[in-house]
Each structure stands twice: as C-alpha cells, then as structure tokens.
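Protein chains: 4
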Amino acid sequence: MSDLYVPKPAELGYTFGGREPIRDLRPGEVLSVYTEDCFGGAVTTVDDLPTRVCQLPYLNPVTGPFYIEGAEPGDTLAVHFLDITPARDWGVSSTFPHFGALTSTHATATLQPPLEERVWMYPIDVVAGTVTFQASESDFALDLPLAPMHGTVGVAPGGFQAISTLTSDVHGGNLDTPELRAGTTLYLPVFVHGALLALGDGHARQGQGEASGVAVETAMRTTITVEVLKGVPTPTPRLETSDALLSIGCARPLEDAFRISQHDLVHWVAELTDLGVLDAYQFVAQAGTAPVGNVCDPNYTMLARIPKALLAEAAYDGVHERLRAMPWKTPEAGVR
Amino acid sequence: MSDLYVPKPAELGYTFGGREPIRDLRPGEVLSVYTEDCFGGAVTTVDDLPTRVCQLPYLNPVTGPFYIEGAEPGDTLAVHFLDITPARDWGVSSTFPHFGALTSTHATATLQPPLEERVWMYPIDVVAGTVTFQASESDFALDLPLAPMHGTVGVAPGGFQAISTLTSDVHGGNLDTPELRAGTTLYLPVFVHGALLALGDGHARQGQGEASGVAVETAMRTTITVEVLKGVPTPTPRLETSDALLSIGCARPLEDAFRISQHDLVHWVAELTDLGVLDAYQFVAQAGTAPVGNVCDPNYTMLARIPKALLAEAAYDGVHERLRAMPWKTPEAGVR
Amino acid sequence: MSDLYVPKPAELGYTFGGREPIRDLRPGEVLSVYTEDCFGGAVTTVDDLPTRVCQLPYLNPVTGPFYIEGAEPGDTLAVHFLDITPARDWGVSSTFPHFGALTSTHATATLQPPLEERVWMYPIDVVAGTVTFQASESDFALDLPLAPMHGTVGVAPGGFQAISTLTSDVHGGNLDTPELRAGTTLYLPVFVHGALLALGDGHARQGQGEASGVAVETAMRTTITVEVLKGVPTPTPRLETSDALLSIGCARPLEDAFRISQHDLVHWVAELTDLGVLDAYQFVAQAGTAPVGNVCDPNYTMLARIPKALLAEAAYDGVHERLRAMPWKTPEAGVR
Amino acid sequence: MSDLYVPKPAELGYTFGGREPIRDLRPGEVLSVYTEDCFGGAVTTVDDLPTRVCQLPYLNPVTGPFYIEGAEPGDTLAVHFLDITPARDWGVSSTFPHFGALTSTHATATLQPPLEERVWMYPIDVVAGTVTFQASESDFALDLPLAPMHGTVGVAPGGFQAISTLTSDVHGGNLDTPELRAGTTLYLPVFVHGALLALGDGHARQGQGEASGVAVETAMRTTITVEVLKGVPTPTPRLETSDALLSIGCARPLEDAFRISQHDLVHWVAELTDLGVLDAYQFVAQAGTAPVGNVCDPNYTMLARIPKALLAEAAYDGVHERLRAMPWKTPEAGVR
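Chains as they are written, first to last, in our numbering: chain G, 1 to 336; chain S, 1 to 336; chain X, 1 to 336; chain E, 1 to 336.
Isolated chain G, as found in the complex:
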C-alpha cells in the first residue's frame, strides 16, 4: 500500500519556482499525495467568506515541489494521474469580489461595486459519485456527477522565475481544465534541474470556463507516477487520455489561448501523421474540438483536442499506455 504524503501547513507552496523540493520522486515510482483546497481549507461553512478567512494573496496552495530524478531542462515530464479522490465529504464554492467571468475584475476594471461575496457548500458522496448543489436562496438542490480533477499542476518555470500558483503558462500551473482527471497523462516541459513538480487545487467538479471563478473546491488524495522523456521538447502543456490528445494554451485574450492550443496541436498531429503543416491545419480544423478550461484566471486556458483513433502513431512513444498500466493501491487515509 502506498503511503500518503501529507504536507505540513508550512510546506504548502504559492509559487512554481523559487522553492526547494520537499521530496524526491523517481520515474516509475507511485506517489500518493494529499492536496489542500484553493482556500487552504479555511472555508468550512457558508459564513466563512474567503476574503475574511483567507490571507491574500496566499490562495491556491500546492503540494510539492517534488524533485524528479533525471529531469533536466529540455526534457519532457510525463505525469500520469492514476487516481484523484476527494479527501473530504464536502466541497466548497463561492463568489469572490472582482474575480470571475461575469463580473468586472482587477483587469477588466469598472466603477461598479463587486457582486456579493457568497459561499456554497457541496456535499460529496464518493461512493454514489455525486456532488450536490444546494441553492442559497431557496430549497432547490440537485445531484451533479462527481468528476474529480486537479486545477493546478506545474513545474518550476525557467529564467529564475517564481510564478504565482494562481496563474498558468508553459510551465503548467493553474490550468483549471476539467480534462485533467484520473487516467490522463499531463506532459510538461522541464525548465530546471529536477523539474520541481507540484500540484493542488482539487475540484470535485468544474464547468467549462469556470465562469464564477471558483469550482467545487476540495482536498484530494491523488496518486501519480511520472516518466522523463529525455531530450524531447514539449512547447506547451499537453494532455493524453485513453482516447484523445489535447494541447493546452494559456493566454489572454481568450483567442490567443485558442491559437496557442490549435497551433501546438497542428504541429503535434503533423509530427504523428507525417502530414504537411497546411494539411494538418486543415485536418485539425475539421476533426478537432476545443474544450474550454477557464475564462477567469490571470491567464485563460483553452484546449485543442483530436481523437487518437484518427492518428496512426502513438504520442511520446507510448508512454501514456505504460504509465496507466502501473500497479498501484489506494493510499491509506492521511491524518488531517
């Protein structure tokens, strides 16, 4: 049985980069970790308004970073998510002043007052596979499918940067896409010796776009394994699922996130099919989809997706299949 790595509060991180590793992780090793929710677990009732109980800007803590043995700049780190399971029987969401897609924000600055800050608690039933929406102003309640995912996974960026866990870019980070669920492999470029992988921001579920700015946030027990692809560059974060390849673009405005994701997928497909770039552009434009990640964070995210059934060749030499076959066990519950 795997151990569960449970970070001490002082070990939680708020940047990618700028921090020392808390543990080593060897390629092929299976690691189970506990991750806190985006509020650091401080919001436990509808009366815990985030701006009161959280200390800004210390939101969105990550567990890690993990030093990946053998990872060097120019390599690709493949992170496979064997399991993502809520570590609590509740999740929480909220409005947050001047944050979200349907409100003015710090950047889309207007003279209007913010929307009311409000908290919603969501019961989670892992066995039934449900997460329950309960209205705040009426007795409307509805079970939604449990769909656990990590909002934030990344490595240390290059150039001595230390980037807030609230944002995303080529190093990963706050990708906030519901596609990042158990069974997927995330490919990240390595910028520093040891890669320095960290993860957090579990969501029991999230709509595409994360319009309100906050998903159903919860602590997670998550089991991963990694592989290092030596000398293989990855231009932007990518995902592989059992049936599709996806490129992730992180940018503002949203069309640039779209462009980055499509641009990368076109080149990736060209490489896997031996199509010329214009042929691959044409092919992806007709056969692809474009799942939205978030439209609320400092960088928005969009994905470009192509079914693997349309491609002859396996991506990254089949590492996804190797990693998903890795034997693992449910970690023993942590002590928090």
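Among the clues, some could well be false.
Cβ-to-Cβ under 8 Å is the rule here; a few derived chain S residues that face chain E [stated by the list, open to error]:
(1) Ser104
(2) Thr108
(3) Ala109
(4) Thr110
(5) Leu111
(6) Gln112
(7) Leu115
(8) Pro253
(9) Thr273
(10) Val277
Think of the hints as simulated: they come from the structure by calculation, not from any bench.
For each residue, glycine too, the CB sits at the ideal point set by N, CA and C.
Since chain G is already given, all that's left is putting chains S, X and E on it; use the hints.
Leaving out everything else, chains S, X and E in the frame of chain G:
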C-alpha cells in the same frame, strides 16, 4: 411530399436586412430549401482558388429571406431544423488569404505574407455517413463522421441595418457552430415585421473553432418549420436540442462571446428554475459546458450549454417538442 | 456666403448605406451643414435621461448622405473640414446604462447592475473658446478648452450593407477621435457609386478613449469641401493635418485597432519614402505616436501618427494643401 | 560628485523578486547607476542578430535591486529620475522573431514564418540631442529627437513571486512608456521589506506602442532619488511630471490596460478634487488623454493622463516637487 425551394442565382442574398422577402412561411408550415455553399458553388476542384473564382465580397450566400406570418418586433422566432442533408456528394474546404485563426488577418494585421491559398475536396457519402479528408501533399486519407449543420441562419436586424452574411450578432447570422444541426430549434429575436429569415452556409462537418476559417462547405437540402412566440423577447440567439439548452454569444474578443453566452444562460436558467441570479450563476458555472463555435469570423461565437435534465421547466413553453413532432417528408431533389 | 444645409428630422440617418442621397456635392464645392447631437437634440436638461427621452436604437443621427459627383468604387474621397463650430451654447454628456469603458456592457456582460444614468450640461462659449465642466454632486466647475470635432463621418459600405452609425469600420463611421477637427482632411475609400457621404456626432471636446462612452455632445455648423482621387485605393480611413499623417484602425480587441492603424501607416510611409517594408516598420515604431480614439463603441479606434516633416513626399499628391486653401465663409445660421 | 554604480555582469538581474539586494539606498540620497541595454550589450553591429548573440531567456537585464531603507509592504515608493543620459554614442534596434505588434507571436500564434530578423544601428549625439535612423535597404537617413527613457523599472512583487523583467504588472517592470523620462516621478507600491528597486532597458527614444517590439536600445547613466510614503497605498504604477499625473495599466487585452489606467486615474482625481466617482469619471473622460506605452510585451501598457493645472491639490503631498529640487551632479563616467 414537400417541394424544394431552389433560389435562382439572382435571389441569393449577402446581407441580413436590406432585402425584400422571396416567399412567405406560415408558422407550422414545413419548408424545404436548397442552400448554396459559402463559395456560391464556384469552387469545384482543387484548382479553383476562392480568390480567383469568387467575386469578393460576395461570399456566403443565403437562401431567403422568408417572410414569417405574424412575426413582429419583440417576438421570438423558433426555427426548427427537421432535416439537413448534403445536396452534393462532395464538399470543399480551403485556406483563404488572411482569414482563419492561425494566420494574421485584416484585423490582426501583421507584415507577414498570407499562408498559401489551397483547396481540399471532400467526398461525401450520405448513406455511409462519412466525409473523407484527403491530404494535399501525401496519400493520407481518412473518413470522418458526416455531421451536417448550417453555419448561417438569421433574421433582419433592427435599426434599418443590412449586415453582411459573413458576420453574426443578436440577429443570428454566421454563427458557425456545429451545434446547429438537424433536430435542434434555434430561437431568434424578431426585429422587423415578418422577421425575414434566411439561411445558408451548409457544412458537412466543422471542428469547434473552425480554425482554418473554412469548414467542409457544401450545398444542402434543408427542411425547417417555424413558430412565433408572441411578445416573448430573446436577448441573444439560443438553441434547444433534445437534451440541452444553449445560449450563443457573438463578439470579439472571444471572452466577450463567452461572457454574453454565459450571462444569457444564467438568466435563462434562473427563469426556468426560480433560482436567484447568484444561485443560477453558481449552478451554471459548475454544471455547464461551453462549446466553441468559430474563432475566425468578424464576430467569434461561443455557446453556454446546460443539460435539460437539470431543469424542471420546459423552455419557451415546450415549443421545441411541438416542432420536432411535425410530420415531414424528404423533399424531392431540386433541379440544380 | 454659403448656405447652411439643415436636415429635416425625417432626413436624419442612422445607417451608412441603405439610404438615398439627400443632396449632390461636386468636388471643389463648399458645403455647410447642420448636424444634430448624438441624442438627436432630445437631452436638454440634467433631467432628460437618454434612455427615457431617446428612442433606441435611434441614436447618433447623421446629416446626409451626400452624393459625391464622380466618386466610384475604388476611388478615394478626400473630405476636408474647413470649419466645425458648435451650433448651440451648450453641450451635453451622460453616463448611459451598460455603455462606456469603465462599466460592464452588452458585450463585456457581467451580472452587476449598471452605473447610475446621469446627465451633465456643459456651457459652451465659442468666443472664449471654452466648454465648462460642472460637477453634479458639488459646486466644482472648470473651464476646459473648446476643441470641436466630428465623432461620426463615413460613406456607404460595400456589399449592400447598411451599418449603424454607432459603429466604425473601413467606411469610416463612428470614429470618435479628437483628431478629426477643423483643418484636417479625412480620406475614405469609396465603395458605391456617389460615395454617399454623411456626418454627425459633433463633440465640443472629447478625451482620448471617450472612457465614459459619451463626449461633450452638441449640434454643429460644419463646412466641408471634397475631392475625388480617381483610381486611388485607401485601405482604411486616414487623416491628414497640417503637420501629420494618421491611419485609423477600427476593431476589437483594442490591439487589433492598434495593429490595423500601424500596419496601414507602415505601408503608407513605405510608399511615400521608398523605404522597404521592414525599414518603414522600424522607422514608424521609433518615430510615430498612437493617439487613442474611442474604447467604448462597438468597434474601438486607434490612430497611428507620423509627422509630415519626416516624409519627403506629399500624401495623395498634395490634395490636403489644395483643399485647405479653398475659400469659404461662415454659413448663415440655420433656422432650428 | 556622485559615484556611478556600475554592476558587474554577474550582478545583472532578470527578475523582479527572487534576488538579494546589491546595495542600500536611503530616502533623499542621490544615486547614479549604469544600466545595460536590453540585449546585455551583446548586439554591437548589424550582423549581431539577437537570437544568435543573446542567450534566451536572459534578455532585458536590470541594475539592482536596491534595498530602500524604511520601505515596507503597504507603503509607496516614489522614484524620481533626475537624469537619464545615454552611456554610449550608439543605440540599437531590431526585429526579433515572433515578437512585436505587427507579427504573429508566441501568444498570437499563427502558422506563418517569422519576419526576417534584422538589426538597425542608431548613432546617438547627446550634445545635438539626436538619434539617427539609417535605413537598411537604402541610404535614407534621418535625425530624430533624442528622448531618453527607461523601459523597465520596478520593485519585488508580493507573494514570493519572481517575475521576468520582460513583463509588467502592479510592481512596475517592463512598462515601456516614453513618458518615463528624466524629470518624472514614478510611484510604485511596496510589496516586500526594502522594496527592492531595480531598473534598466534604457531607450534613446521609442514610439508609442513600440510596434516593432524593440526601441532604440542603449546603455544609460541614470541618476535617481527616492522617498518612501509610509502607509500610503498605490494601486498601480503612477507617474508625475511637471505638468501631469498619469496612471499606468498593465494587462492584455489592450482594453484592459486602458481600463486599469482610467479606473485608477478616476479614483486618483476623485481623491484630489473631492469629486464623487461619477463626476470624476465624467471629468477624466472629457479632459484626459491616454498615451500608449507598449503593445508588444507579455503585458501591454496604457496610461491615463490628466493635466495638473486642472487639479487643486498636489499628489502625494507634493513629493514630486521636493524630489525634483534635489541637488545632484553628473556622475563620473563608469569604467565599462
């Protein structure tokens, strides 16, 4: 058996508004129409480069407008698509100079030369349900699922405007979303006496985002029926399918198209569930998806989608169910 | 002495295109016209809230269109503003619900209520050259320099379109730039037989960006003269002043308006200096400025500006100098 | 006579935050520093293409950080530029692959090849006050006014971040505005103990928007003095000149940079005039201008400007006047 209305070349329209109706359509009547492809049928081989064989700006012709009996400003027009079937056994796509998502454009103006203009022909097999991609630089070929849809459906806008069929806005127009397929109902606000509905721009299939700027374009035989919802306003185009409601936002930048669609869906859900607006915002943010329409036209389009199973009340008093039950027959093939 | 053409209320237009000319104008002829303010003159006190006294969408009326003798598609129309003088001793401004840069809008849709609708009246003293800001909540008052300009000047667009006077594009329209003042020449592409020039939306003054969405709006007595440059294309509206050339970009997002304007100026400068395109790019990037027009209308506007002292050759064969030398007299006041 | 602080190569920084101070600076002390150009001085001829002679991502080095005595989080740091003088008799500019406003970029990703990488050398004559553009493809040459400025000035951001000197945000950074010249005071919020001020990226001149992505880059000898305003918050970087106040917005898309700058200026003016917020909005919208900074960096910058003559009260209790009166002498030339 329905007649098929086949417009004469001189009857094709290039604007919404500014044109006289070519025919009347009564609510409940079933109408089959022939629509030309976005190139007016002028691109028939890979040697027919669009900029050579088409006369700019006369692209994207629509069939219509149809005068809808009883439709007046302030009403909603429900247009149900009973059938959309390719009228040819081939479709066509292309790059088009300075048009598309992965190229500089007239608006995203750069000093780089355009991508090479190139045409792809797609065999269509209606019986097998396939449309075949054939690479231009190799013998790579692949069947993709046939998924017929209309890129362009709209009514006359208000304020005496006549808006190019290449763009979209609250009056509909070049929505370019793969969600607009047979079996769906499109809700459009009525701005002028008789609504003046027109449609065209059939796609044998289209990826989300229409990244290359051009889908698999083909002529269509399409069967519709309409209903007028008197005194019922619709703020932005909406779709209803057998299992979902969708709001459509048309704007630049892309986040504004997202915002419009989510804003409308939040209010629509609030109305159908009696949730308060903040509760509906929270609910849609966790339970909704955001299918991308196009990221290449003068206005981009995004959709906000919620499963009908989550909503207690039927939209627009159940008109979708009434219209989809309308009896109809395949129209006799037109003469072109 | 010139006559003053004063349009009857029924002659005011709300689109570019879609309307018959109200008068002819010969190249070289001097024409004085009266233009109404953007509210059609309906807001005359601080109690006249625009949403109450105006009938939407009939805002921003223009005087015209004028049929320009000899103007054909592919030509350039040079419109020189000999004089722009307020026709009233007051102007008016306001907030307008969900319109402006520092509020959510129809496109940048949020769930926040609109800012309060409020009207400000501005005394205008043409002799002293002042327009006076008077605070609504205190006795703060301050004279600002009178700087009369037209927000909206354009021709009929191509492709049978009729475009709302609230927006701008290659045909001109609601450019809303303080650079469009007396002494400047506006160059517009001609799309239709007779060009069909119209103008309105006088501003006693306007800040760059028109952040609140509404300038100091007033009726104007304006004197123009025109010339037609046969067979000379103009890609986007351009301005010439006594000391500078300016290209105007109309688009969203704002960086695209910037790109269009810079792209056009680079090519214009290349043409006037015989520099290669990359040299012209480098030159404009170091020597140019970028005056902001508006950041509130359906299309934003930005200008790219280069001092004429840096250029060897006169633009458009010196038409600006010819037109500004045209003799003219103050028109007799109209009857309204 | 002031000493000139000349950093050793190893002391140059590429982030704001994440670095130890290299020197202390007391409020009221006058400091002269040498700053390298954005290429670290590596581009010295037209044959030194930046991508060949520079080691990416190590561009845009800054001198510092300086530990400001007494500066604590929540304070404002006022940095007054007593003098900015080129330290060389030449500057350099270039195109840079996929960087700039009139090219596709990493974010505005297209399938087009980059523009040709090319270098321009600019002779600088400090006595004559000129910087000379020399075309690369012809013998066109022209003197432009020397207008020295710093592109990059900032402090350490909060939240343990270390942000690349290539970008800008509330901590300042790569603001790239021609308004940041000698005689101005820059106000920055303090996020960390000692503020950790750094500066670099001197420009002999720069057009508004920095369209080509690179200004006339040169090393500088710059003399500053600082004051700490205890307990006075500053929401976004601000500038004060002899005749105007300016707020700086850093964001994408460009309209958000505009919004941030206008939003801040409206509140700043409200505070200095006792106007209500809507009155201040109205006032700034009619009386203000909006100088463009850059439209090419990871964050674009726009400024909102109001003449001081319109305001009754001095900003920040008159610190600008105090600092500009500080006696100083030209520093002795450094040894490089």
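Hint by hint, here is what the structure shows:
Look at serine 104 of chain S: its Cβ gets to within about 6 Å of chain E, closer than 8 Å, so that hint holds up. The interface hint given for threonine 108 of chain S is met, as the beta carbon of that residue sits about 6 Å from the closest beta carbon of chain E, less than 8 Å. At its closest, the beta carbon of alanine 109 of chain S sits 7 Å from a beta carbon of chain E; the interface hint therefore holds under the 8 Å criterion. Interface restraint check for threonine 110 of chain S: the shortest CB-CB distance to chain E comes to about 5 Å, inside 8 Å, so the restraint holds.
Taking 8 Å as the C-beta contact cut-off toward chain E, the hint placing leucine 111 of chain S at the interface holds, the least distance being around 5 Å. This hint holds: glutamine 112 of chain S has a C-beta 4 Å from the nearest C-beta of chain E, less than the 8 Å allowed. Annotation: interface hint on leucine 115 of chain S holds; nearest CB of chain E at approximately 6 Å, less than 8 Å. Using the Cβ-Cβ criterion of 8 Å, the hint placing proline 253 of chain S at the interface with chain E is satisfied: the shortest such distance is roughly 6 Å.
Because the beta carbon of threonine 273 of chain S sits about 33 Å from the nearest beta carbon in chain E, more than 8 Å, this interface hint is broken. The interface hint given for valine 277 of chain S is broken, as the beta carbon of that residue sits about 24 Å from the closest beta carbon of chain E, more than 8 Å.
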